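**Student:** In case you want the letters, here they are:
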Amino acid sequence: MTAIDLGLPSLGGTDLVPTFDGKQSAKEYKSDQEVRWCPGCGDYAVLAAVQGFMPQLGLRRENIVFVSGIGCSSRFPYYMNTYGVHSIHGRAPALATGLAVSRPDLSVWVVTGDGDALSIGGNHLMHTLRRNVNLKILLFNNRIYGLTKGQYSPTSEQGKITKSTPMGSLDHPFNPVSLALGAEASFVARALDSDRKQLTEVLRAAAEHRGTALVEIYQNCPIFNDGAFEVLKEPGERERRIVNLVHGEPIVFGTEGCEYGVVRDLATGAFGVRKVAEVGLDSVVVHDRTVQDPSYAFALSRLTGSDLAHTVTGVFRAVQRPTYDDQARAQVEEAKAAKPADLQGLLRGNDTWTVAG
Amino acid sequence: MSVDVGGNGSSSPEADPEVRKLDRVVIRFAGDSGDGMQLTGDRFTSEAAAFGNDLATLPNFPAEIRAPQGTLPGVSSFQLHFADYDILTPGDRPDVLVAMNPAALKANYRDLPPGGMLIVNTDEFTKRNLAKVGYETNPLEDDSLASFQVHKVAMATQTQGALESTGLGKKDAERAKNMFALGLLSWMYHRPTEGTERFLREKFARKPDIAEANVLAFRAGWNYGETTESFAVTYQVAPAKLATGTYRQITGNSALAYGIVAAGQCSKLPILLGTYPITPASDILHELSKHKNFGITTFQAEDEIAGIGAALGASYGGALGMTTTSGPGIALKSETIGLAVMTELPLIVIDVQRGGPSTGLPTKTEQADLLQAMFGRNGEAPVPIVAPQSPADCFPAIIDAVRIALTYRTPVLLLSDGAIANGSEPWLVPSVADLPDLSVRFATEPNAPDGSGEFWPYLRDPETLARPWAIPGTAGLEHRIGGLEKQDGNGNISYDPDNHDKMVRLRQAKIDGIEVPDVVVDDPSGEASVLVVGWGSTFGPIGAAARRVRNAGGKVATAHLRHLNPLPANLGDVLAGYSRVVVPEMNLGQLALLLRAKYLVDAVSYTKVAGLPFKAEELQHVFTDIIEGGVKR
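Residue numbers (numbering that gives the first Met the number 0), protein chains in the order written: chain A, 0 to 356; chain B, 0 to 632.
Hint data in this document are derived by calculation from the structure and do not stem from the laboratory. Errors might be hidden in some of the hints.
What the hints assert, rightly or not - With a straight-line Cα cutoff of 20 Å, these simulated DMTMM-like cross-link-like pairs (lysine to aspartate or glutamate) come out:
1) A:K338 with B:E286
2) B:K289 with A:E332
3) B:K170 with B:E211
4) B:K289 with A:D350
5) A:K335 with B:E286
6) B:K267 with A:E332
7) A:K26 with B:E453
8) A:K29 with B:E453
9) B:K267 with A:D341
10) B:K202 with A:D350
11) B:K289 with A:E333
12) A:K232 with A:D306
Remember, predicted model here, so these are calculated numbers, not experimental data.
Turn these sequences into a full structure, and let the hints steer you where they fit.
**Tutor:** In structure tokens:
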């Protein structure tokens, strides 16, 4: 078993997708289907952000595909005037992998939720991230099962009272960013449904990235888990809680903008939050999303607990490594170059005999 | 009768052995899983093929890679039937049994008919090895094998002796004893040897000393037969008079892989095989992964579900998506097959059936997934089913499956089985020029009948009821599909009751309307009143049994179904033309159930689920009993 370096050139996320030189508007990305999410659903904001952002990519609309699984968020493709597949619960990454491998000229987006991606589809998510297929995965996390009317999800906080857990849920929740980094995802980010500007920035970075980009989007479910992320939106609270990452900048936050900073505990390697005035700005970690070792971004991800006391947002990690689909295609091309497609020769093989008439 | 030709056996005065001509021979090589019996059998098969015999093989091995050495569960065997005429099965019973150890002897000798030849490797018949399989006394030393012609050969000792000069360790030398056995049998049956020597040199190209050792052991076996004169007779089986043309030997799994390559070329579509390793289907993946130069991508997924998911995703993108598995994998893929039914995309699902339920008998054959293939999905989810009847038949069967998938935009299930997958036979190599044109046309223009300039993804072809295949990248045809029910025509989500009823019936009508050839009845007498209907790998035993019945003066008709869904249009009339219909199956009567339900025919179901193919003799008796017992005209 030898590893072969295919020596692929490094490409941007959409470099092989045909571009559109004319002007596009968000309106063109709206399909003629009536949007049927509940009033006040965070999905509306995400849909608007995505439809508003798509024209900025400058790609041909017919070369964009949205693939989803099952759940409220998975209705997303029906509302995008692109190509789209509403597939099976948890399986969208699998379908999207087959599509991305066979069609380098497409920009493939997966829309999924916390139940779809992390519960029934956990295996596919993990392996897609590991392989680094050129897909953009938007994980809508509302910490609840909405479409089945309100059971706890793999991201629900422990002890959650729901229809299926009247005495409180027992499951320890996943931190989706930690999970993705554990699978050595090459691009991981987090954003809030309500912060259009940041969400758009994160989407742009994800689109530019070649490889699997996982974007966790905190999204409010007004019916079954209303206000789950409210503390991150309230003035006064949000400044103390949201730790926004900016590449190349010290990781600081707070009401004054830089009241608190993220510092490394040299004994454990873990990150903690200290007052900048007490430790000095020099001690504050300067964010570098290109650090190869995923343990840096993983440590950052651990600052976010289910209590949302501190919530890290922005791009945790964006590193270059060969994508599965580029390599798979390169192997096919290499084989084609090495050997002509001689079907008759293949069927005959090397050991034949002839029966004469 | 016992002939002692042990390690110290001496030669008797020179005399050329008698050469006896036979029309057919069945040889079974049996040994420990680590003894290389499958390789030995494969090589003898290649020699028979190179010689021009017709042949059929039956490998039989345990699911464990290396069961404890010398035990009954560890016995691996390879049966080969070769003849000077066209044969149909690997043979009911061996004429010759090669037993490499006491376990192999104990597990197999009962299948040898009285007078059969038994060649035993005596070196393994130690007290310890005999005790392992419960022999209290050495069967080679008492009269328990008296009804056979027993040849005792110290194969390990002989092999080690032959390799003494090579400097190879004793253990390595001993490992070549299977080639000694092959050499001996090759001599006995006048087989060509160049192919095997070339094969060994190629196989061990990186270890020339091992290659040389195997060649020496092979020659030693040959020379042993020639010089010791312990074998008074050698045998000749003349080349078979098959249809003219160029032949090669092929297994079912290889034929499927080649058929997939050919289907890609005939359809001019790239192929994506999304799959997960499972016995006995993995060899299709192994073979296809060698042929990427034909535009084939093989994706070894994280599980069965991801394998078919990726295949369907590729089909959505305009490639030909395929997945390969066995019964347990079909269970996992069912939901995605349902999505392919709903999205009406081409998809090939290959099920190499094995013993079930659950993990069952991974390395043994069975045909008990028919009803799973027919009905194993939620909702009304009809899927066409194609079944090859023999190893070589896998090639046209998969090409036909692809034709159906592409023409009707539907998933197609191909049901092979363990016996077909690993068995081999001569294959008349097809000419590429004779392969069908499977090219497809993707949708390129809006098609809305209201002239709105919209694209309706579920507007059907009036002939085939297939929907257009509009692939991403086609401007103006952007559309969304998925598992939710569609509005007839425009494909928008619809919960309308009447529309659902219509769509369920349309999907069924599309599959029911697939064009499949009429079933052909084989009845040389034209006067049979009993019809035997089969499908899949029972083709060989049913055909061989019918020959026996006819040779004995009986009259029986046979019909074999390539298409299980939809069934051939003439089948109802065919069934109605016989007073008795017999359906032999390696399950508890699944096809019989379908025939009874669909045609109200009082079919007799004859079943066996032993993990092994039917024997021709067994079916002969079944047919004869029915012919003689219950003819009601």
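**Student:** Would you mind marking each hint as holding or not holding in the structure?
**Tutor:** Each hint, compared with the structure:
1. Distance check on the hinted pair: A:K338 and B:E286 sit about 16 Å apart at the alpha-carbon level, within 20 Å; holds.
2. Straight-line distance between C-alpha atoms of B:K289 and A:E332 comes to about 13 Å, which keeps the hinted pair within the 20 Å bound.
3. Between the alpha carbons of B:K170 and B:E211 the distance comes to roughly 15 Å, so the proposed pair stays at or under 20 Å and holds.
4. Distance hint between B:K289 and A:D350 is fulfilled; the C-alpha atoms sit about 18 Å from each other, no more than 20 Å.
5. Under the criterion of a C-alpha separation no larger than 20 Å, the hint pairing A:K335 with B:E286 is consistent with the structure, at around 16 Å.
6. Distance hint between B:K267 and A:E332 is fulfilled; the C-alpha atoms sit about 16 Å from each other, no more than 20 Å.
7. At most 20 Å may separate the alpha-carbon atoms for a hinted pair to count; A:K26 and B:E453 meet this at roughly 17 Å.
8. Between A:K29 and B:E453 the alpha-carbon distance is near 15 Å, which keeps this suggested pair within the 20 Å criterion.
9. Restraint check: the Cα-Cα separation between B:K267 and A:D341 comes to about 14 Å, which is no more than 20 Å; the hinted pair holds.
10. A distance of roughly 15 Å separates the Cα atoms of B:K202 and A:D350; the hinted pair therefore holds under the 20 Å criterion.
11. For the given pair, B:K289 sits about 12 Å from A:E333 by alpha-carbon distance, which is consistent with the 20 Å threshold.
12. For the hint pairing A:K232 with A:D306, the CA-to-CA distance comes to about 14 Å; that is within 20 Å, so the pair holds.
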